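Following the hints, position chains B, C and D with the ligands against chain A.
Chain residues, written in single-letter form:
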Amino acid sequence: MIQLFHVSKCYPGDAPVLDDVTLRIEKGEFVWLTGPSGAGKSTLLKLLFCADQPTSGQILVGGRNVGRLTQAGVPFLRRNIGVVFQDFKLLENRTVVENVGYALEVLGASDSEIRERALRRLEQVGLKHKATSLPLRLSGGEQQRVAIARALVNEPTILLADEPTGNLDPGLTDSILQLLFDANARGTTVVVATHDRGLLSRYHKRTIALDKGKVTSDA
Amino acid sequence: MIQLFHVSKCYPGDAPVLDDVTLRIEKGEFVWLTGPSGAGKSTLLKLLFCADQPTSGQILVGGRNVGRLTQAGVPFLRRNIGVVFQDFKLLENRTVVENVGYALEVLGASDSEIRERALRRLEQVGLKHKATSLPLRLSGGEQQRVAIARALVNEPTILLADEPTGNLDPGLTDSILQLLFDANARGTTVVVATHDRGLLSRYHKRTIALDKGKVTSDA
Amino acid sequence: MIAHVAWRLSRRAAVNLWRAPLPSLVSVLTIALALFLGMSFAIGLAFARSLLVSWGAQASITLYLDPATTDDQARALLARVLESEPDADAVYVDRAQALRRLRVDLGDLAGALDGLAQNPLPPTIEVTPRGSPEPAVVRVIAAQLQRLPQVAQVDYGREWLDKLTALGRSLRGFGLGSLIAVLGAALLVVANTIRLAVYARRDEIEIMKLVGATDGYVRMPFLLEGALQGLLGAGLALGSLAAADRWFLPRVQQAFVFASGVAAPQILLSHALLLLGIGALVGLFGSWLAVARFLRT
Amino acid sequence: MIAHVAWRLSRRAAVNLWRAPLPSLVSVLTIALALFLGMSFAIGLAFARSLLVSWGAQASITLYLDPATTDDQARALLARVLESEPDADAVYVDRAQALRRLRVDLGDLAGALDGLAQNPLPPTIEVTPRGSPEPAVVRVIAAQLQRLPQVAQVDYGREWLDKLTALGRSLRGFGLGSLIAVLGAALLVVANTIRLAVYARRDEIEIMKLVGATDGYVRMPFLLEGALQGLLGAGLALGSLAAADRWFLPRVQQAFVFASGVAAPQILLSHALLLLGIGALVGLFGSWLAVARFLRT
Ligand SMILES: Nc1ncnc2c1ncn2[C@@H]1O[C@H](COP(=O)(O)OP(=O)(O)OP(=O)(O)O)[C@@H](O)[C@H]1O
Ligand SMILES: Nc1ncnc2c1ncn2[C@@H]1O[C@H](COP(=O)(O)OP(=O)(O)OP(=O)(O)O)[C@@H](O)[C@H]1O
Ligand SMILES: [Mg+2]
Ligand SMILES: [Mg+2]
Numbered sequence: 000m001i002q003l004f005h006v007s008k009c010y011p012g013d014a015p016v017l018d019d020v021t022l023r024i025e026k027g028e029f030v031w032l033t034g035p036s037g038a039g040k041s042t043l044l045k046l047l048f049c050a051d052q053p054t055s056g057q058i059l060v061g062g063r064n065v066g067r068l069t070q071a072g073v074p075f076l077r078r079n080i081g082v083v084f085q086d087f088k089l090l091e092n093r094t095v096v097e098n099v100g101y102a103l104e105v106l107g108a109s110d111s112e113i114r115e116r117a118l119r120r121l122e123q124v125g126l127k128h129k130a131t132s133l134p135l136r137l138s139g140g141e142q143q144r145v146a147i148a149r150a151l152v153n154e155p156t157i158l159l160a161d162e163p164t165g166n167l168d169p170g171l172t173d174s175i176l177q178l179l180f181d182a183n184a185r186g187t188t189v190v191v192a193t194h195d196r197g198l199l200s201r202y203h204k205r206t207i208a209l210d211k212g213k214v215t216s217d218a
Numbered sequence: 000m001i002q003l004f005h006v007s008k009c010y011p012g013d014a015p016v017l018d019d020v021t022l023r024i025e026k027g028e029f030v031w032l033t034g035p036s037g038a039g040k041s042t043l044l045k046l047l048f049c050a051d052q053p054t055s056g057q058i059l060v061g062g063r064n065v066g067r068l069t070q071a072g073v074p075f076l077r078r079n080i081g082v083v084f085q086d087f088k089l090l091e092n093r094t095v096v097e098n099v100g101y102a103l104e105v106l107g108a109s110d111s112e113i114r115e116r117a118l119r120r121l122e123q124v125g126l127k128h129k130a131t132s133l134p135l136r137l138s139g140g141e142q143q144r145v146a147i148a149r150a151l152v153n154e155p156t157i158l159l160a161d162e163p164t165g166n167l168d169p170g171l172t173d174s175i176l177q178l179l180f181d182a183n184a185r186g187t188t189v190v191v192a193t194h195d196r197g198l199l200s201r202y203h204k205r206t207i208a209l210d211k212g213k214v215t216s217d218a
Numbered sequence: 000m001i002a003h004v005a006w007r008l009s010r011r012a013a014v015n016l017w018r019a020p021l022p023s024l025v026s027v028l029t030i031a032l033a034l035f036l037g038m039s040f041a042i043g044l045a046f047a048r049s050l051l052v053s054w055g056a057q058a059s060i061t062l063y064l065d066p067a068t069t070d071d072q073a074r075a076l077l078a079r080v081l082e083s084e085p086d087a088d089a090v091y092v093d094r095a096q097a098l099r100r101l102r103v104d105l106g107d108l109a110g111a112l113d114g115l116a117q118n119p120l121p122p123t124i125e126v127t128p129r130g131s132p133e134p135a136v137v138r139v140i141a142a143q144l145q146r147l148p149q150v151a152q153v154d155y156g157r158e159w160l161d162k163l164t165a166l167g168r169s170l171r172g173f174g175l176g177s178l179i180a181v182l183g184a185a186l187l188v189v190a191n192t193i194r195l196a197v198y199a200r201r202d203e204i205e206i207m208k209l210v211g212a213t214d215g216y217v218r219m220p221f222l223l224e225g226a227l228q229g230l231l232g233a234g235l236a237l238g239s240l241a242a243a244d245r246w247f248l249p250r251v252q253q254a255f256v257f258a259s260g261v262a263a264p265q266i267l268l269s270h271a272l273l274l275l276g277i278g279a280l281v282g283l284f285g286s287w288l289a290v291a292r293f294l295r296t
Numbered sequence: 000m001i002a003h004v005a006w007r008l009s010r011r012a013a014v015n016l017w018r019a020p021l022p023s024l025v026s027v028l029t030i031a032l033a034l035f036l037g038m039s040f041a042i043g044l045a046f047a048r049s050l051l052v053s054w055g056a057q058a059s060i061t062l063y064l065d066p067a068t069t070d071d072q073a074r075a076l077l078a079r080v081l082e083s084e085p086d087a088d089a090v091y092v093d094r095a096q097a098l099r100r101l102r103v104d105l106g107d108l109a110g111a112l113d114g115l116a117q118n119p120l121p122p123t124i125e126v127t128p129r130g131s132p133e134p135a136v137v138r139v140i141a142a143q144l145q146r147l148p149q150v151a152q153v154d155y156g157r158e159w160l161d162k163l164t165a166l167g168r169s170l171r172g173f174g175l176g177s178l179i180a181v182l183g184a185a186l187l188v189v190a191n192t193i194r195l196a197v198y199a200r201r202d203e204i205e206i207m208k209l210v211g212a213t214d215g216y217v218r219m220p221f222l223l224e225g226a227l228q229g230l231l232g233a234g235l236a237l238g239s240l241a242a243a244d245r246w247f248l249p250r251v252q253q254a255f256v257f258a259s260g261v262a263a264p265q266i267l268l269s270h271a272l273l274l275l276g277i278g279a280l281v282g283l284f285g286s287w288l289a290v291a292r293f294l295r296t
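Chains as they are written, first to last, in numbering that gives the first Met the number 0: chain A, 0 to 218; chain B, 0 to 218; chain C, 0 to 296; chain D, 0 to 296.
No wet-lab data here; the hints were simulated from the structure.
Do not rely on the hints blindly, as some may be mistaken.
Unchecked claim - Stretch by stretch, here's where chain C covers chain D in the computed footprint (C-beta under 8 Å, at least three residues):
#, segment
1, 8 to 14
2, 60 to 71
Claimed, not checked - Okay, derived cross-link-like pairs now, DSSO-like style, lysine-lysine, Cα gap no bigger than 27 Å in a straight line:
#, chain 1, residue 1, chain 2, residue 2
3, B, K127, A, K45
4, B, K204, B, K26
5, B, K211, A, K127
6, A, K204, A, K26
7, A, K204, A, K45
8, A, K213, A, K45
9, B, K213, B, K26
10, B, K88, A, K45
11, B, K127, A, K127
12, B, K45, A, K127
13, A, K26, A, K213
14, B, K26, B, K45
15, A, K88, A, K211
16, B, K204, B, K45
17, A, K211, B, K127
18, A, K45, A, K26
19, A, K211, A, K45
20, B, K127, B, K88
21, A, K45, A, K88
22, B, K88, A, K88
23, B, K26, B, K127
24, A, K213, B, K127
25, A, K88, B, K45
To be verified - Computed spacing ranges between beta-carbons, pair by pair:
#, chain 1, residue 1, chain 2, residue 2, range
26, B, G61, C, H3, 54 to 62 Å
27, B, S109, A, K213, 37 to 45 Å
28, C, A41, B, S109, 56 to 64 Å
No experiment lies behind these values; they were computed from the predicted model shown.
Yeah, the Cβ is synthetic: ideal placement off N, Cα and C, and Gly gets one too.
This is chain A alone, in the form it adopts within the complex (with noise of 0.2 Å):
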């Protein structure tokens, strides 16, 4: 599903952010992306779903190869991509649901589907009274889990989602695990970002390790 082949990527002045990585994530594979701050975790995913280009090396997703996709193909590109970002990238000026309805308004459904079944992802999150708040007026886990839902709301086949259990506690974080398990189990790849050691000692699961741009381990 997801193929790196001697992936570098580079910022003038920087040492490489990510150097010569190359990786194979089967479709319908959960797998932890690990490694301590600043390893380019977050780089690495941000590639696939193309939000940025590889200094060199070739990226396949889905069978394409991400860098030969024109401007126009990007975004249905994206639209197969379920994407929870470290810093939740939600919309100031919607609502909740308005901001978890996006991911389907895109793809052009109906204003009905898109309200049942952004609401549908908002109860699973645990979010259904906070639906009609404005972002600004949640707390930092609640922002977390709109994103999530919105990742999830039109079953990508592919989910990559960067630290979304940071601002979450024990019992949350379990249950949205849960969700991205269920979504793997429906058949979605999953690649889940995480610093958190717990969660990798709890769920086993095919853990990449990343330092300084480089894989140290792939277990």
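Coordinates of chains B, C and D with the ligands only, in the frame set by chain A:
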């Protein structure tokens, strides 16, 4: 140092966010503030540095009644309080060292002193090499550490840290906490809001638990 | 599909206007000012030119008759004038009438005439060409009348007519030139203001793209809002023009008595529609440019 | 302390301009347009009025002499005129000269004169008051000259002089009124544009306050940037005016031949300084209002 008497905070149309909270934190104490997502931890911290006003109740910080502060008094209160915001709140158009230095700049320190002290703090959080980057170019964990450096840079008498390690790997978490303990040892009163049960169990300190706006335990 | 997307986007545009009115407000105001200026400039120009034309047309030709001319001779002459210039009106003003007029014109200064031993004014025939003849035509008529007997002197304000002609020509060139320059500058400001309004919402554009919206889908609400802002701006400009027309112009009307005969500038429905159309286009196009700028990054 | 804070803030203003040029750019452009419009409006108004005054002043008085007057009589009369009106120039135009002039004036149409059996033009004395006498004064002089012997008719373009007087009066009222209205609207747009520019940086203001900056310290860099933007805007407006003066006006100069004698509008150093001062004040005050709006929340 910090006292709350029957403090409540309500937003119209919602259940109260804080509900009759009475607390006393002594000078030089180190306190964990914990509770599930949406419990009111961030709101409580906000009230302490006057970013919001309680609906009812009195708050004393350093012997002053926060509710009675004039418009002009607020900045002077804040200069004695270092805050690590849950969403970092870095100035986008200033470099990392300028961001950290800003807390000193408002005190009227000289350019060379600002630079020197800001760089020292950045070194302590392991980011000296990113001093001239803009915050948007940093990883999540790096941004969080900049926020921590800024909170510590002017040796505040009170330090409020909202989820300061949510984006940090365990190694960094420990070294950052060590900085907080050091500040505490130098006399700073420290309040840290966190979800991380691991921290609570590793570092035994007074722990105040909130749930739905009420203090459920304090030990 | 198209219809319900359009409906959804219109709803969103309205909601955005409601939740964050400032950027839209500024765009609307700027567009309104630009259109108001352009429009009043154009109207002023048109008015000034028609004023000049009317002045040129009013240029009457005065035939000063030989002081020795009798009333009968003068009347016979008047008949000849009317006959030879079918496109002109003519009246005979005798010496006594001329003196009375002068007294009235002089007002307080009329005393200066009291010392006159005899009426020094010659009888005149005043010829007023009908229609709005060009200055050149007025000259020919004057030259023809000059040949009539008993006509001592023909006066048709040659000097002034020349000045008006030159002024009219210069208004055409200068006015149009500066209209274009000012409109260009105003458009530049409008485009940049819209860009600033979009800049204030650049995060929104970034997020929309990251969540899988096509460029077109991101652009759409901005275009719609831009067009709406343009329409509102044009409406505001029209409203101000109408208000100026209604409340401001009458106050300076007395200063414009000399312009009686020139139709007051009128805002026609077609002008209003044109202005609304221009407003919508400006808003639309400005938004397009602005969004394109932020879509690229 | 004050000095190094000022230096630091100036540095920051420059850095901000460099890192995020759009908001500043838009403010600068808007201020420039507003000042340019206001200034050229004021200049145009002043120019139009001095043009009118000069036209009024040029109003010469023509004494049509009795056709029977001999050259000697006419010259004696000229001497009397010069004596009685020490503030005026006067020349004698004999009948032959008058006819030659008419031929030249008629140009292509001069043929119309060929059929004349005898020269129908009377001799004239042309009196030109020196200085720029008011229309009323011109009237008195004309009335006095009327009393002289051999003077058949005095012509001083009464009708036109009245129109000019009225036009001048209306320009004063109408022009000043619309100048104020346009400047008011432009200021409104400028203020709102600056507010939008500050709005795009509202997060910054919030963070600064949370980190312990006093309102004054938050405001300072915005005020400085506002003043800088105002200065730049005024500079741009001045530059455009100078450019228009240099490149645009000469092109329409030929259309302005009739205005020879009126000093071309000049941008004086004092005007330039005034404009720069106004620009800085507008930027400063606009920023103050805008920041105050976001400091309160
Ligand atoms: N646009 C950029 N320009 C320059 N450097 C960048 C840019 N974006 C990221 N970096 C650098 O790349 C490195 C890796 O960043 P990345 O966000 O991938 O780290 P991460 O593994 O997600 O860390 P964290 O766990 O702290 O989120 C960091 O050192 C960061 O400073
Ligand atoms: N401005 C506001 N308007 C309305 N409700 C608000 C506002 N700010 C916060 N809330 C609500 O108050 C509750 C408590 O928020 P708070 O940020 O204090 O929670 P928290 O304990 O910090 O949670 P987390 O661990 O997720 O950060 C939340 O349910 C939130 O939605
Ligand atoms: Mg990251
Ligand atoms: Mg919180």
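### Query
Between K204(A) and K26(A), does the CA-CA distance stay at or below 27 Å?
Between K204(A) and K26(A) the Cα gap is close to 15 Å, so the pair holds against 27 Å.
### Task
Below or equal to 27 Å on CA atoms is what counts here, so check K45(A) against K26(A).
holds, 19 Å
### Task
Assess, step by step, whether the Cα of K211(A) is no farther than 27 Å from the Cα of K45(A), and give holds or violated.
holds, 16 Å
### Task
Could you grab the alpha-carbon distance between K45(A) and K88(A) and see if it respects the 27 Å cut-off?
Distance of about 13 Å is within 27 Å: holds.
### Query
Does K211(B) pair with K127(A) here, judged by a C-alpha cut-off of 27 Å?
holds, 16 Å
### Task
For the pair supplied as a hint, K204(A) and K45(A), confirm whether the alpha-carbon distance does not exceed 27 Å.
holds, 22 Å
### Query
Holds or violated: are the alpha carbons of K211(A) and K127(B) at most 27 Å from each other?
holds, 16 Å
### Query
Do the alpha carbons of K127(B) and K45(A) lie within 27 Å of each other, as the hint requires?
holds, 25 Å
### Query
Hey, K204(B) versus K26(B), does the alpha-carbon distance stay inside 27 Å?
holds, 15 Å
### Task
Measure nothing beyond the straight line between the CA atoms of K88(A) and K45(B); if it is 27 Å or shorter, mark the hint as holding.
Roughly 23 Å separates the two Cα atoms, so the pair holds.
### Query
Do at least three Cβ atoms from the segment 60 to 71 of chain D come closer than 8 Å to Cβ atoms of chain C?
holds (count 3)
### Query
Are K88(B) and K45(A) close enough, with their CA atoms no more than 27 Å apart?
holds, 23 Å
Going down the numbered hints, you'll see the structure goes against 1, 11 and 23, while the others check out.
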